[in-house]
Amino acid sequence: MFFKSKFDPDTFEKELRKLSVEITRNERQLRVWKTKKSQYMRQLPIYLISGYVIYLGYIYMRNRYKNLKVVSFAMAIAMAIGCFIYMERHLLDYIISAKERHIEGLKERHSEKLALLKEKTNFNRTKDMLVRYSNGDDIEELEKEVKQNELKRQEYLKKIENDPNRDSSHVYGGLMDLMMGQDEMSSDRRYALICEKCLQHNGLAPPGEVNVKYICPRCGWLNGSEVKDVTATKSPAEIEEPLDNHLPELGIVQDGASTNSTD
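Residue numbers (full-length UniProt numbering): 1 to 263.
Derived from the structure by calculation, the hints contain no laboratory data. Errors might be hidden in some of the hints.
[Stated by the list, open to error] Taking CB as the label site, the calculated pair distances span: (1) Lys107 - Gly82: 34 to 40 Å; (2) Lys66 - Gln43: 53 to 59 Å; (3) Arg153 - Leu16: 14 to 20 Å; (4) Ile59 - Asp93: 33 to 39 Å; (5) Tyr86 - Asp10: 48 to 54 Å; (6) Leu16 - Tyr86: 39 to 45 Å; (7) Asp93 - Thr24: 34 to 40 Å.
[To be verified] List time: in silico EDC-like cross-link candidates among lysine to aspartate or glutamate, alpha-carbon distance up to 20 Å: (8) Lys36 - Glu119; (9) Lys18 - Glu100; (10) Lys18 - Asp8; (11) Lys113 - Glu22; (12) Lys37 - Glu27; (13) Lys36 - Glu108; (14) Lys118 - Glu27; (15) Lys107 - Glu119; (16) Lys107 - Glu13; (17) Lys120 - Glu196; (18) Lys14 - Glu100; (19) Lys113 - Asp8; (20) Lys107 - Glu15; (21) Lys37 - Asp93; (22) Lys14 - Glu88; (23) Lys118 - Glu108; (24) Lys34 - Glu22; (25) Lys34 - Glu119; (26) Lys159 - Glu143.
Computed from a prediction, not measured in an experiment: that's the story for all the values here. We put the CB at the ideal spot given by N, CA and C, even for glycine.
Could you put together the complete structure from these sequences and hints?
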């Protein structure tokens, strides 16, 4: 009952709109006065001084500069020009300052109206409830959970920093793995390619490739799944057979062999 008798939304809206229009209109007038001041203070002194110089030239051409009255009048004109420019500047500054004070008063009244509106409609409490339960979740509880996780992370970092026996590179590596996940292409995730015949180390294979077929650059042995299948059915003497005997089966013809056959 009190809310309906003391607060009329339509009247309140009209008052707010009126204040907003007044603020906009006065700010526009303030910009106009500042523009006028800039123009006047730039152009008016030029015109007045130019006219004064023309007057002095006229006196000189007429040989009247020896007349004391004429010289006194010319000096009075110079002083009047200076006083006029000074008064004009202060007058424009006074108008602009008064306009700025009026705008500040309107803005204060506007802020008071908004504060009253928030008080009457309980705006802040409604806004907090909308923000807190907008997505069906309690935002404050989620924020508490995030803060707790952050505190745990800070405690973990402090423990690491206070541990003198832990290598810094391992610390940073562990943190990077914790935040970004482990690098699948790192050396500790790949496996070595060892030649089955000469035991030569031939680099690292990426993870997931169980059977990698390659030719050993040292002894020329073909490593891979097919060789494993062949060696499973052959004797140890046949396994030691060089790669040259398998090249025709793979469709590879050596230059030396072709030359000997033609000879």
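The hints, checked one at a time:
no., hint, verdict
1, Lys107 - Gly82: 34 to 40 Å, "38 Å, holds"
2, Lys66 - Gln43: 53 to 59 Å, "34 Å, violated"
3, Arg153 - Leu16: 14 to 20 Å, "47 Å, violated"
4, Ile59 - Asp93: 33 to 39 Å, "35 Å, holds"
5, Tyr86 - Asp10: 48 to 54 Å, "52 Å, holds"
6, Leu16 - Tyr86: 39 to 45 Å, "42 Å, holds"
7, Asp93 - Thr24: 34 to 40 Å, "23 Å, violated"
8, Lys36 - Glu119, "42 Å, violated"
9, Lys18 - Glu100, "18 Å, holds"
10, Lys18 - Asp8, "16 Å, holds"
11, Lys113 - Glu22, "14 Å, holds"
12, Lys37 - Glu27, "15 Å, holds"
13, Lys36 - Glu108, "27 Å, violated"
14, Lys118 - Glu27, "26 Å, violated"
15, Lys107 - Glu119, "18 Å, holds"
16, Lys107 - Glu13, "16 Å, holds"
17, Lys120 - Glu196, "86 Å, violated"
18, Lys14 - Glu100, "24 Å, violated"
19, Lys113 - Asp8, "13 Å, holds"
20, Lys107 - Glu15, "13 Å, holds"
21, Lys37 - Asp93, "8 Å, holds"
22, Lys14 - Glu88, "39 Å, violated"
23, Lys118 - Glu108, "15 Å, holds"
24, Lys34 - Glu22, "18 Å, holds"
25, Lys34 - Glu119, "38 Å, violated"
26, Lys159 - Glu143, "24 Å, violated"
The structure fails hints 2, 3, 7, 8, 13, 14, 17, 18, 22, 25, 26 (numbered hints given earlier, in ascending order).
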